[in-house]
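Q: These protein sequence lines map, in sequence, to chains A and B.
If you count the first sequence from 1, position 87 lands on 87 in my numbering, and the numbers rise without skipping.
If you count the second sequence from 1, position 146 lands on 146 in my numbering, and the numbers rise without skipping.
What the hints contain is simulated information worked out from the structure, not anything from laboratory work.
Glycine included, each C-beta is placed from N, C-alpha and C at the ideal position.
Honestly, I wouldn't trust all of these hints.
[What the hints assert, rightly or not] DMTMM-like, lysine to aspartate or glutamate: derived pairs with alpha carbons at most 25 Å apart:
(1) K269/B to D173/B
(2) K6/A to E188/B
(3) K6/A to D8/B
(4) K231/A to E202/A
(5) K7/B to D184/A
(6) K7/B to E202/A
(7) K269/B to E172/B
(8) K63/A to D53/A
(9) K269/B to E169/B
(10) K6/A to D261/B
[Claimed, not checked] Estimated spans, in silico, between C-beta atoms of each pair:
(11) A15/A to A142/B: 21 to 29 Å
(12) R61/B to V279/A: 26 to 34 Å
(13) A180/B to W8/A: 23 to 31 Å
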Amino acid sequence: MRTDSKSWRDPVLVATVAPLAIVMLAFFVIPLVMTAVLSFQTTQFYRLTWTWDLKVWTEVFSKPHYWTIMARTVAMALVCVVICLLIAFPAAYALATRLRAYNAQIQILIIFAFLTDAVLKTFGWILVLDKSGVANWLLAHLGLGPEALNLLFTPTGTMIGMVYGLVVYPLFTIYLSLARIDRDLVLAAYDSGASRLRAFFEVTLPLSRPGLYCGAVLVFVLSLGAFLEPKVLGGGTAPLASELIRQSFETRVNWPLGAALTLVLIAIGALSLALGAAVLMRGNSGRAAR
Amino acid sequence: MIPERLKDRFVDILLVGTMALLILFFYVPIVTLVVFSFTDSRVLTFPIEGFSLEWYGELFRKPDFLPAVANSAIVAAISTVFATVLGSAGAVAWIRYRFRLQNAFRAISFLPLLFPQLLLGVVMLLWFSVLGNWLGFSTGLATVIIGHVVYITPFALVIVAVQVYGFDETLEDAARDAGASGWEVFREITFPLLWPGILSAATFAFLLSWGNFYVSYSLAGTARTLPIFVYSGIAVGSSPIYPALATLNFIPALVLVFLADFLRRRALKRQNLATA
Numbered sequence: 001m002r003t004d005s006k007s008w009r010d011p012v013l014v015a016t017v018a019p020l021a022i023v024m025l026a027f028f029v030i031p032l033v034m035t036a037v038l039s040f041q042t043t044q045f046y047r048l049t050w051t052w053d054l055k056v057w058t059e060v061f062s063k064p065h066y067w068t069i070m071a072r073t074v075a076m077a078l079v080c081v082v083i084c085l086l087i088a089f090p091a092a093y094a095l096a097t098r099l100r101a102y103n104a105q106i107q108i109l110i111i112f113a114f115l116t117d118a119v120l121k122t123f124g125w126i127l128v129l130d131k132s133g134v135a136n137w138l139l140a141h142l143g144l145g146p147e148a149l150n151l152l153f154t155p156t157g158t159m160i161g162m163v164y165g166l167v168v169y170p171l172f173t174i175y176l177s178l179a180r181i182d183r184d185l186v187l188a189a190y191d192s193g194a195s196r197l198r199a200f201f202e203v204t205l206p207l208s209r210p211g212l213y214c215g216a217v218l219v220f221v222l223s224l225g226a227f228l229e230p231k232v233l234g235g236g237t238a239p240l241a242s243e244l245i246r247q248s249f250e251t252r253v254n255w256p257l258g259a260a261l262t263l264v265l266i267a268i269g270a271l272s273l274a275l276g277a278a279v280l281m282r283g284n285s286g287r288a289a290r
Numbered sequence: 001m002i003p004e005r006l007k008d009r010f011v012d013i014l015l016v017g018t019m020a021l022l023i024l025f026f027y028v029p030i031v032t033l034v035v036f037s038f039t040d041s042r043v044l045t046f047p048i049e050g051f052s053l054e055w056y057g058e059l060f061r062k063p064d065f066l067p068a069v070a071n072s073a074i075v076a077a078i079s080t081v082f083a084t085v086l087g088s089a090g091a092v093a094w095i096r097y098r099f100r101l102q103n104a105f106r107a108i109s110f111l112p113l114l115f116p117q118l119l120l121g122v123v124m125l126l127w128f129s130v131l132g133n134w135l136g137f138s139t140g141l142a143t144v145i146i147g148h149v150v151y152i153t154p155f156a157l158v159i160v161a162v163q164v165y166g167f168d169e170t171l172e173d174a175a176r177d178a179g180a181s182g183w184e185v186f187r188e189i190t191f192p193l194l195w196p197g198i199l200s201a202a203t204f205a206f207l208l209s210w211g212n213f214y215v216s217y218s219l220a221g222t223a224r225t226l227p228i229f230v231y232s233g234i235a236v237g238s239s240p241i242y243p244a245l246a247t248l249n250f251i252p253a254l255v256l257v258f259l260a261d262f263l264r265r266r267a268l269k270r271q272n273l274a275t276a
């Protein structure tokens, strides 16, 4: 790909870059700064007062209740990452190696499901997981025990919903890195006597690492904000960080607290992003050195 | 020899089976909703007892969901235009240009994709509330549209960027050599070549906005889009009108996805003919 060096005096550059940059600055970067600023204010009688102090932050750091919920959120996110990768890798591998003739059709099927209204899909899961729902009917007809499974309003219900919403991301990132692998490299491994299993572990798997990491990071970061799933499918029995943040805004009308908790969650996400990037970089330089 | 081949068969079945199960998994709640929309009972238990169109009738006797549909359509239409235009322009700058502050531009135009939607909504809600206090406005459809544009533009950018990446710039050179002006090159070569990507981006943008709950929920104020309408409905208690509403909601999405795919294939075929 050839690239053109452009100066900021070039009107074409200004026309392509400036509108998007302005929108993102005004409605993404500045709001983030504003969130940080708000976390240093306090509320009195449900009204925001502009005092610069650390009251909210001391509350956040002194209440173990918040950190229990944060820890639960991170734990759920990690479990979700593992499950998503375990499902997405073989599926993406099948898509890249076994199902190439049906790629377009499969992609449309997946994209349509992905783009369907999340609230409706979550509602659909209620009907499936409910005691008198589809899942239990199916289990009973397969002769798997008379007692009904209680999945709705449990953390398992939440997890099913989270995996359902997020498994698409690693599926596509892993597929993209698998599809880019030069087939000759795998054939070269066979020629030099590697078994199919060995070729997979020594060639295919290392080369699909970028897709695996990107998918893992996306799932992790996005599942930190899961809200519908714990509320609707988890029944609010084990609230996650999103519920905590929503409550501090809506029920307690304590905006500085909500802002501070939002920042904590963003910090957790940003740290894991940085960690993911560092691991990816090390993997790349390690391979280059070899 | 035979065990080896058997093992291969086994791996094939395992891999393809995972994909098949995954697709099944994706469609379990969707198919369930469609099935339940035809029930004749008020309680949503499976298996459904009888088939009826009663709940579709109910839906049209009491069309209180229509304002929400109108709001969703307005929001999705306007957000799609902005997100697609901004994303396409941004994608060209991402891939084809080198300029000062490019990495900063890349970061701010991509980061919303890595943000949980609820946090994105909350952060923008804080900003709009502060701004609204100063300037005297409250959140509503306009702020929902801004929120959708911020959330959706990075998706559009990535989709168009893939198209820009596979772009053959010698075609532009050829047009320029043949005496075309800068605008003519853009109109006759650049734009048609990027069109399939832009079309996919627009479809994606429309459906992401149409089905968006989190960002709308934070920024809508008292206005209601379709997902918010359904959410507040099922929060009160499930009723068979929601599966019926859901099924109706799938139809435009289905039409749009297949239409976009058809147009994209046609454009690609034309391109292959033109370059062959």
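Q: Each hint: holds or not?
A: Against the structure, the hints:
1. Restraint check: the Cα-Cα separation between K269/B and D173/B comes to about 22 Å, which is no more than 25 Å; the hinted pair holds.
2. Our distance criterion of 25 Å between C-alpha atoms is met by K6/A and E188/B, whose separation comes to about 23 Å.
3. A distance of roughly 53 Å separates the Cα atoms of K6/A and D8/B; the hinted pair therefore is violated under the 25 Å criterion.
4. Distance hint between K231/A and E202/A is unfulfilled; the C-alpha atoms sit about 43 Å from each other, more than 25 Å.
5. For the hint pairing K7/B with D184/A, the CA-to-CA distance comes to about 23 Å; that is within 25 Å, so the pair holds.
6. Distance hint between K7/B and E202/A is fulfilled; the C-alpha atoms sit about 20 Å from each other, no more than 25 Å.
7. A hinted pair counts as satisfied when its Cα atoms are at most 25 Å apart, and K269/B with E172/B qualifies at roughly 19 Å.
8. A threshold of 25 Å between alpha carbons decides the hint, and for K63/A with D53/A the separation of about 18 Å falls inside it, so the pair holds.
9. Restraint check: the Cα-Cα separation between K269/B and E169/B comes to about 19 Å, which is no more than 25 Å; the hinted pair holds.
10. Between K6/A and D261/B, the direct Cα distance comes to roughly 35 Å. Violation of the 25 Å bound is thereby established for this hinted pair.
11. In this structure the supplied range 21 to 29 Å holds for A15/A paired with A142/B, their Cβ-Cβ distance being about 24 Å.
12. Taking 26 to 34 Å as the suggested C-beta distance range, the pair R61/B and V279/A does not conform, at roughly 58 Å.
13. Between A180/B and W8/A the beta carbon distance is about 26 Å. The supplied range of 23 to 31 Å therefore holds.
In summary, the structure is inconsistent with hints 3, 4, 10 and 12 from the numbered list given earlier, while agreeing with the others.
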